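Engineer: Spelled out, the chains give:
There are 2 protein chains.
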Amino acid sequence: MTNDSLYAVMMAGGVGSRFWPESRRSNPKQLLTLFSSKQLITETADRLKELIPYSRQLVVTNKDQQAGILKAVPGIPAKNVIIEPVGRNTAPCIGLAAIEIDRINPDATMIVLPADHIIKNDNRFRKLLEVAVQYARKTESLVTLGIKPHYPETGYGYIQSGDLIETIDDVDIFNVKTFAEKPNIETAQRFLKSGEFNWNSGMFIWKVSTILQEIEEYMPELFDGLMKIKKAFGKNNEQATIERVYKSLKRRSIDYGIMEHSKKVATLSGDFEWNDVGSWDVIYDLNKNKDAEDNAVINAAESLLINSSGNLVSTKNKKLVAMINVDNLIVIDTGDALMICPRDKSQDVKRFVEELEKKRWDEYL
Amino acid sequence: MTNDSLYAVMMAGGVGSRFWPESRRSNPKQLLTLFSSKQLITETADRLKELIPYSRQLVVTNKDQQAGILKAVPGIPAKNVIIEPVGRNTAPCIGLAAIEIDRINPDATMIVLPADHIIKNDNRFRKLLEVAVQYARKTESLVTLGIKPHYPETGYGYIQSGDLIETIDDVDIFNVKTFAEKPNIETAQRFLKSGEFNWNSGMFIWKVSTILQEIEEYMPELFDGLMKIKKAFGKNNEQATIERVYKSLKRRSIDYGIMEHSKKVATLSGDFEWNDVGSWDVIYDLNKNKDAEDNAVINAAESLLINSSGNLVSTKNKKLVAMINVDNLIVIDTGDALMICPRDKSQDVKRFVEELEKKRWDEYL
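The listed protein sequences derive, respectively, from chains A and B. So for the first sequence, this note's numbering puts the first residue at 1; every next one is plus one. So for the second sequence, this note's numbering puts the first residue at 1001; every next one is plus one.
Honestly, the hints are just simulated from the structure, not real lab data. Keep in mind that the hints are not guaranteed to be accurate.
Unchecked claim - In silico lysine-lysine, BS3-like type, Cα no more than 30 Å apart, as pairs:
hint: 1; chain 1: A; residue 1: 290; chain 2: B; residue 2: 1288
hint: 2; chain 1: A; residue 1: 350; chain 2: B; residue 2: 1358
hint: 3; chain 1: B; residue 1: 1358; chain 2: A; residue 2: 288
hint: 4; chain 1: A; residue 1: 290; chain 2: B; residue 2: 1358
hint: 5; chain 1: A; residue 1: 359; chain 2: B; residue 2: 1177
hint: 6; chain 1: A; residue 1: 358; chain 2: B; residue 2: 1316
hint: 7; chain 1: A; residue 1: 290; chain 2: B; residue 2: 1038
hint: 8; chain 1: B; residue 1: 1193; chain 2: A; residue 2: 316
hint: 9; chain 1: B; residue 1: 1350; chain 2: A; residue 2: 316
Claimed, not checked - Covered stretches of chain A, as calculated for chain B (at least 3 residues, CB under 8 Å):
hint: 10; region: 122-132
hint: 11; region: 311-323
hint: 12; region: 326-334
Stated by the list, open to error - Pulled from the structure, derived: some chain A residues nowhere near chain B, Cβ distances all over 10 Å:
hint: 13; residue: 20
hint: 14; residue: 62
hint: 15; residue: 148
hint: 16; residue: 243
hint: 17; residue: 244
What you are looking at is a predicted structure, and each value in this text was computed from that prediction instead of being measured. The beta-carbon is built from N, C-alpha and C at its ideal position, and this holds for glycine as well.
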């Protein structure tokens, strides 16, 4: 398989407000090391490297994160880090990356993926990408990578597979019947039981020409904007055009804007370990260094936990963590902020960010 | 009333381990400012000043606390700060203070009181002391100052009054029927209902000669040790003698060693506001700056408490405190330690100190 025309696009514009106070505008989730010794974006780039060299890896991000990202993935050329003037969800982000790649190679294929997910079993992951690329090229499809669920998660969207279209090597490729929003628990259980539903990982594989055609078809306003940007490429007004166009764009996800409408969608069922690491509770689950009472203590000098279980505590400045008669809390001390919430309510952490934005307490954002 | 022979002895040897991690060996409870803008020992000294000038106020403490105490009560002459080589509970502490005062004035009267309690209505407090001093001098009694209880506290010992002996001005003086240990809640309720029981505040008023006689009678070993120290006063071996004697002494409280046996005991019923500030929960109760959800936040830069109530949070370094869906916790962040416990279990905080001592983690003690 010739890979010279294969590009990766890592979407890295989010802050990950569920990881506040660790995640900040300039130190977002993809740059944190709470998950392993490496930053998430570094892991993502390294995982792709065998398939796609750094020179064909692109990152779409924003001004606040640019410096941190360049530091986290020094192998990726600075010109490959695309800056969005404002966030407008995934459709504009992907469109902008597509025209950037089209500029280099109109026959290119692109893999779009979030920079802040955890994947284990890298070989299998890359194998599925290779099959997806082969299929996308051959059939000019929009391939979406589903993940075989192993429990009824309510925090993910789902993709319902339709008929089997083709099998390449040992990988089955299906039509897509529906895209489903995050279900309630009963629905998630039904999804799991049916065997037809995969988690929507937000990973896509397609030819640049295919996605641009579909954007023209289903999101003409976005296409129009992208063409304006394309015309300005290499000219003095390039940056100003991007800013002007972006400000006029609606926030739209690629799922809502394209995938749910396009007739060219196909899906694979990823049988590797994947996690979008959506909350502190997931960090707790992933932690391998829990004590006998299932407490996970990160970065403390010492801990003294008496009659306490199921807590996740992260501190800065190497302090002693002491808890007594306290269960299932998340406690995050970043030095400038101390956050406490129950583990089973860790989705609510994003509310702090909403409140801080309302109050304009920018120093904590 | 001539007060030239009246002395105060503030007992300030304890650490206040229920206030860990704020209280440390060199920064004990009596030196904290969590309770008001002044340190507790400063408040105690200032409260006595109208009755007894600093020059006749003594403090009994230990080497670790000496510097902090001299700084907290600069008006008290350094020679008035008596250093115990080791803590041996209140009986040796009071005995040592008694012979130090006896050395200056054998006819002196002494008021003994803890340095780390809160008292409101200072005028009434001083009025009761004056009556107690008058009565103690006239009758050579051991007067103990009880506090009229207004709720069935289980954390204090109680004094049961017997017959009314005398009334001086508007203050009644009673015989003591019994000293009762910390009761359970049912017993405490019965005590309250009876009207006969007062809280045991650990404040005593007596002539130096009376307490020394009673020590000779009921604690002959302690008396013997005190006489050895007295003989060494002003000699080269004074300090060595104190050390040697103290190491041989048993830990004994003045209540257990003298008050429960002496025939000379009398009591007053203090009708002023008094609190021994025995736990973080009391600090929470005393805090006057609670928010609408009854959270007390101390020393934070800002706080963002969502759906959280009844918490006490104290931080250093002016950080943002953020809590969501968390109730009735005590959270103390001292910079080198972060302590969390439920408010209704704040008595257990002393267990951290026990554990730290076992582990010999002296840096946190």
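Engineer: Against this structure, judge whether each hint is valid.
Structural biologist: Evaluated hints:
1. A/290 / B/1288: The hint is violated at about 40 Å.
2. A/350 / B/1358: It is violated: about 41 Å lies between the C-alpha atoms, which goes past 30 Å.
3. B/1358 / A/288: holds, 28 Å
4. A/290 / B/1358: holds, 23 Å
5. A/359 / B/1177: Given that 30 Å is the threshold and the Cα spacing comes to 62 Å, the pair is violated.
6. A/358 / B/1316: Since the Cα atoms of residue 358 of chain A and residue 1316 of chain B sit roughly 26 Å apart, the hinted pair holds (cutoff 30 Å).
7. A/290 / B/1038: violated, 42 Å
8. B/1193 / A/316: violated, 52 Å
9. B/1350 / A/316: holds, 25 Å
10. 122-132: n = 0 at 8 Å, threshold three: violated.
11. 311-323: Three-residue rule met by the region 311-323 of chain A, so holds; n is 8.
12. 326-334: holds (count 4)
13. 20: violated, 8 Å
14. 62: Holds, because the least Cβ-Cβ distance between residue 62 of chain A and chain B comes to about 24 Å, which exceeds 10 Å.
15. 148: holds, 33 Å
16. 243: holds, 32 Å
17. 244: The claim holds: residue 244 of chain A sits with its nearest Cβ about 36 Å from chain B, beyond 10 Å.
Checked against the numbered hints given earlier, this structure breaks hints 1, 2, 5, 7, 8, 10 and 13; the rest are met.
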